[in-house]
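Residue-level listing of the chains:
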Amino acid sequence: MTTRSITDRLGGLAFGGDYNPEQWDEPVWKEDDTLMRKARVNLVTVGVFSWALLEPEEGRYDFAWLDAHIERLHANGVAVDLATPTASPPPWFTLTHPDALPVTPDGTRLTHGSRDTYCLAAPAYRSAARRIASALAERYGHHPALALWHVHNEYATLCYCEYAAAAFREWLRARHGSLDALNEAWGTAFWSQRYTSWEQVLPPRATQWHKNPGQTLDFRRFWSDETIAAFREQRDAIRAHSDRPVTTNLMLPAYQNLDLWALARELDVVSSDHYPGSPGLDAAADVAFHADRVRSLAGGRPWLLMEQGTNTVYDGDRVLGKEPGEILRHTLGHIARGSEGALFFQWRQSRAGAETWHSAMVPHAGPDSRTFREVTQAGEAVARLGELAGSTVDASVAVLHDADAWWALSVDGLPSAGLGYHKELSRAHRALWDAGVTVDFAHPEHELNRYALVIAPALFLLSDAGAENLRRYVAGGGTLLVQHASGCVDDRMQARLGGYPAGPLRDALGIRVEEHRPLRADDRIALSDGSLGTVWSESLHTKGAETLAAYTHGMLAGSPALTRHRFGTGQGWYLSTRLDDADYGALVRRLLDEAGAGAEAPGLPGGVEAVTRHAPDGRRWQVLINHGADAVPLPEPVHDLLTDTTAHELPPGGCAVLRRP
Amino acid sequence: MTTRSITDRLGGLAFGGDYNPEQWDEPVWKEDDTLMRKARVNLVTVGVFSWALLEPEEGRYDFAWLDAHIERLHANGVAVDLATPTASPPPWFTLTHPDALPVTPDGTRLTHGSRDTYCLAAPAYRSAARRIASALAERYGHHPALALWHVHNEYATLCYCEYAAAAFREWLRARHGSLDALNEAWGTAFWSQRYTSWEQVLPPRATQWHKNPGQTLDFRRFWSDETIAAFREQRDAIRAHSDRPVTTNLMLPAYQNLDLWALARELDVVSSDHYPGSPGLDAAADVAFHADRVRSLAGGRPWLLMEQGTNTVYDGDRVLGKEPGEILRHTLGHIARGSEGALFFQWRQSRAGAETWHSAMVPHAGPDSRTFREVTQAGEAVARLGELAGSTVDASVAVLHDADAWWALSVDGLPSAGLGYHKELSRAHRALWDAGVTVDFAHPEHELNRYALVIAPALFLLSDAGAENLRRYVAGGGTLLVQHASGCVDDRMQARLGGYPAGPLRDALGIRVEEHRPLRADDRIALSDGSLGTVWSESLHTKGAETLAAYTHGMLAGSPALTRHRFGTGQGWYLSTRLDDADYGALVRRLLDEAGAGAEAPGLPGGVEAVTRHAPDGRRWQVLINHGADAVPLPEPVHDLLTDTTAHELPPGGCAVLRRP
Amino acid sequence: MTTRSITDRLGGLAFGGDYNPEQWDEPVWKEDDTLMRKARVNLVTVGVFSWALLEPEEGRYDFAWLDAHIERLHANGVAVDLATPTASPPPWFTLTHPDALPVTPDGTRLTHGSRDTYCLAAPAYRSAARRIASALAERYGHHPALALWHVHNEYATLCYCEYAAAAFREWLRARHGSLDALNEAWGTAFWSQRYTSWEQVLPPRATQWHKNPGQTLDFRRFWSDETIAAFREQRDAIRAHSDRPVTTNLMLPAYQNLDLWALARELDVVSSDHYPGSPGLDAAADVAFHADRVRSLAGGRPWLLMEQGTNTVYDGDRVLGKEPGEILRHTLGHIARGSEGALFFQWRQSRAGAETWHSAMVPHAGPDSRTFREVTQAGEAVARLGELAGSTVDASVAVLHDADAWWALSVDGLPSAGLGYHKELSRAHRALWDAGVTVDFAHPEHELNRYALVIAPALFLLSDAGAENLRRYVAGGGTLLVQHASGCVDDRMQARLGGYPAGPLRDALGIRVEEHRPLRADDRIALSDGSLGTVWSESLHTKGAETLAAYTHGMLAGSPALTRHRFGTGQGWYLSTRLDDADYGALVRRLLDEAGAGAEAPGLPGGVEAVTRHAPDGRRWQVLINHGADAVPLPEPVHDLLTDTTAHELPPGGCAVLRRP
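Protein chains in written order, with full-length UniProt numbering: chain B, 1 to 661; chain X, 1 to 661; chain C, 1 to 661.
Hints are supplied without guarantee of correctness; some may be wrong.
Same chains, same label: a pair holds when it works inside one copy or across any pair of copies.
Claimed, not checked - List of simulated lysine-lysine pairs, DSBU-like, C-alpha gap at most 35 Å:
hint : residue 1 : residue 2
1    : Lys423    : Lys30
2    : Lys543    : Lys38
3    : Lys30     : Lys543
4    : Lys211    : Lys30
5    : Lys423    : Lys38
6    : Lys543    : Lys423
7    : Lys211    : Lys423
Calculated from the structure, these hints are not laboratory results.
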């Protein structure tokens, strides 16, 4: 099953959001019907936080209220994305199953009063989740309004309780086979940590000093697998009663508790939530970063934007609003990169509860508001793009992404707090986005031959197979840029010996790193090509590579900083420091030139985004978004699907969607 | 009973401090007697931390040592403010009643070793507190030295234990009537928090994400009521045996765990402690802020400064000393605004214990010290002001203050960390103080007609009744300034719909706020009148109001920032951003002009304070305090009560108290 | 027993490091043998983290693997420093003795997964530690390879469990004799803390506000004594079976949980670990600071550098590498000041575990590396210095150091967060190091007559005996500089009355401090001699002293800031503020001049270090280290032991060791 089953049912792209009618009453529901029609809403997510209403006491279900809402929506032409409510067990669950509440590393048992107060490994929670998923599927599995199943919500919690410990041990047994192998993998010879029985093995709970990095990494992996197993149980329970596709809404980038590649493989439809962390152009770039990642998780197939905010930019300790036009621009930004529509959290802004101030399609102020008018405008735009359904996006450049590498940079005892995963990943994407290039993300062990250029930022952990895969990619003609502090440990968190990075990658890059030389927080280090590095440097020897830039001062003076190695029919580049943004951008543009992987629509000014979707039958559409404050003339007058008129220019903040020959 | 019963007994205003003779021995006591006479001490607080001595084991009392001290003080002409020692249960209490120790939100049970280690809701604590209060009252209730009862000390602790949970449930039952009503009030439909039995309801303990705002607010209210109930039990136990007035020393502004309006109503005499948080002129303004608040809590009646420090300014992580003359200036600052004297914590600086470095009237250095000399000077000054006893202060301007509004700004999930209650409250007062205006504080539901001007800062929560009251105030001729982010939620923490603020206030202000637009931490936003806003802005529509200043840039360009509405016979002003200090001061001065509420003594230079106390019989006194570094000539030579001489000027740092016709 | 027994066995100074062969396998062991010979390694520490291997289950020992390594090392000419592995109990220990795990002040029980997860006061831990120490001593006590016993590792943990509480009570009984005396000492009359039975007395666990300072101080002292007792048990168990010297590796300066003077007295050989916290010249100064402290702890006798890093500078949240040449310079820096060699942590960089990124003698990159080459260079240098064995260093200047004073500045409720112990101690040493002066550290109650100058920084706590000793020192002709905030409390944490500091010191200094006047974090205060003070000032009266500099502004204008008192035949100086670094350096140089305690090798440029070691038989050696970037000509050509050639200059970063007549 694919997103096609949804868009077929909707007769076009999806538009809508989370709908929680249980927060309101009859007069509001009536207004909802009217306003949804006005805003061209055709899909809403219901039931995400409805466990307490659906199962008011253990084993007793009340579906009547939900029946009524679904019938009302259906009558109003709105399809349903039905959620299992398992992200928020009701208060009665706490009292009935106190052993299923989550426990922090220091042993604090959390209680209800928020959401997500459960341990995913607790048997009582798991069976309760299966039961309610099954009951929902049985009742609504073939309802004509039903377009999609939405299991749970933003899987992300951790737990360190006894159930987690027991399940962790089982997982470790399966992974390592024996205690001896586990001891070897974790290096327990150090600090006298050798385990002599399985019951001695614990999650990484509160301890005296640094935790064991292998244990920390394996616990992350285990928990990701445990989470996916919990998802699978619900999915399978649903499939037993329903023929509609199943998804769960991923939450990136902030959450790092899951191997998203693995979870995405289990989904009929990949969907994801997106909330930018900075305003303005940064937010637009973050939309593209998110959308390219989710499409890549979906294996290049179309996907679905499950949540965005109409007026929500999380900027540290405050929540900024969006600028006029951003609702449409962000909506199109996601659709341009493969989303089959755009949903929001939530339809109507809560008047009470923990997210009272989270924006919505109908704000506290009501429909007489800029927000609702822009929502309506976006709904109308999406309604005109039905022909894009099923089409997707190609990219000739990939950035490598791996949960293991991320987790590896979260263990205790690293050489520098300046290392970080997400910031390097997003920066690599941003440099490519600034250059007008559409980007895929790929796992280091994926087949990479289709890409002209591959960038590997922050791959601190790189498996033997990954290193071998990258070597093969370069040998076969690829252009690879590996960035500082990559390939330092293997998939057990064990350091590479004899020089970093992992051997096959040393071959491909024609270098050997002898020493890491972290920089002080405010230090900069000069390169011979005039660029500046921060955070990190390395003592590096070329083994066949040429030096494109060398360090100019201190003990590294004359030592290679940026190298290129012609290897097989490709090129392996290595950058051993974190360049300033401008210098890094210039390097990426240079690589694009050399790899022949230019902008999708060359000649557009900065801040104007152009992405092409193409259908299996060869049809193509170009989405143009002007994030800038100046009008941008189009090379030739074109027919804009959004307005059904001929466009001569993109006004400031304006968008257009064109059919391409 | 009023402060009059105290000043009558003392024959004038009170001067003294906490006296803890149990820390010292006979020779020191003898010196204390001498030094107290020298410093004109006439009232000391005893017994605050004496539980362990008064009841060395449960149920066995030892009053002999206290008898002796009280007799000695009495013989020396010093009256006694007798404290119940319940803020500090002795170590034996921990071992006898471990269940009465306080528990933090994450379940940590605190133990003794400091002070205030009890749960106010624990039955064992409550009965122990009642018993010792009763025993003290029985023994000393009619002692001729006794002037005042001092229940407990700075009520402020919280607890999340099972007793707290049970009492919280009882309180919720009484407030909401039914679980359905509670579910409705807290919006438990969101995040699946619906309660189906009372036992599921808990204090806001450690949980996974944001806590429910309604639950948080109600827990604050409950705890305040629980605290007041604990106070009342002691007060009533005392009243059964004594005819002297009862107080408890409030602690503001730092502590926000109590509804001070409610607690103050229970007191025979309102008393409070004051420690400034910044030195110099800020400290002087903070004295006035504190004194105006406490007088307002006392319903405009005289009150008593129960604690100040001789040499203590809490400046973040260090404690600064006071400047020469500040002991007298702060003392007069409080008296000017209605205090019937000035007490200090404490008489003699501890040589050991947790407050060894807290300043005192007799410092470690002994009486041969600047501090003790200034204390003596202040004691002599207070002794000359006996005729002020019973007089009080009038104000024509009020600032609104409400514990609910404060608590509302402490819940999870607010739009901006830049919002804050205390800083806005004190800034409004400071602007008025800078303008030479004496200020009352009032609750939003108080009768406000007597005020020419009312300022409402940070009233994020405003009840229906409060909104209606403000509407009535303006309609009836008042001038009201409402500041940003006010009236956003009702008294259940539920957002106002259809536009902020609450409806009746929208009428009075002639505006409708559509959207909050929080600003980034360092951003400023320009207004058309040249002023600058920070922290916050709003998308605002006038509905009858005129725009006095509009935003000039960005999406709010041209949108009203400051408005005035002529409504009934009054004016409703609305300010939708946080102005810079200087701009805010100018706005406040403009409002004073328009409302006809000028400075009490126009023409005085900045930093010279003038406040008038008046007696019921028409006598009036003006207190003048020169906080500046320059001498200030007086308009005409006057008789200064402090020196019993004719004053021609106020020297730098000088003070005078004049009889006014 | 002394270090002589080690150097005699080695035939020279020690060179090597921690050797953990259990992390590796046979081929690596073979390479280790070769590389150790190459690097001139003659002593390695084994077994530090081997408990899990040595005792794989309780009471069953496996020494075979260790036998083999010791024989191999012995055959290779490498002696052994054999560690008891008690710093890291194995996982089985947690399951067998959960009551022996450490508990934090808030009651969290830590678990294994790191190291040091034990409570030193737990009977099960103590007996397990004794048993394994005894078993090791029995087996290896007379092995010819054995040069030294290394008990435990960096004793530093705390615990607040019930065992800790019980042992604390016993200790308090012994110290105070009676509960009355304890109540008096801790000032429990304040805050109603009077104890009426011993069982009420607890460690300073989590409580509501400030903790009792006397309790906090006594708990620190108790824990230090408890730690020393735990050490003594192991030492005595070893001595029953072995004739080799016993040490434990101290960890300074970061760890402050021990009275190092007391622990050092129990050691046959004093040894210590050193890791600098800043790079470059700061690191070199820190080497000298460390080495002077450890030699002083050793009573002026030679000592042993047990750990340093080849490439490790802990700079906040990142670990910087060392610069080329620093391995040798730091090695010689320690040897110059009395170390009988230089060991590193560790021989081979771990490929796994919590310290994977901690540098080592053989880095991940292997022997083909700058690091190993420099290690080899340092090993060769050390090998040439055998004749220095047994010689030591004299100093004519002392800085006072006392654990009580340090702990006193860590209690709750101090007047300023700007006070601090370690930063003042190291700054005093740095000023003297900059002046080319070799320094001893001394306890305030030590005999001080041999020193021309004594500096007392941050002696917030000073016992009666200490104050009397300092008075006697000055009276007898010494020059003493006492710095701000010294002598404020006695050894019970009770404030000095009548003026600070303690009486005998007031006599010696000819002053009386009336008031502390802490400064705001960014404030500076000007002195009449042009210098600037920060952090702190004092209102001070001279009582015989002359004023060398006075404050110039504010309430302290004209008040003495720096004073000198001619007392007996000596001089007592008092500095009442924290001078800027440059001003402080000038003051220290002035004091050196006046006291006649000049640089060891006058005329050397800044950053060139010269220290003299002398043997009991009168032989002398001068170690010269050029930390600067310029070559420094030597006054005359000299024979350099390091190169066995004639040296005419010290090149940049260069070193030389000369025989002196």
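| field | Those earlier numbered hints the structure runs against, lowest number first | value | Numbers 1, 5 - these are the hints that the structure violates, sorted from lowest upward.
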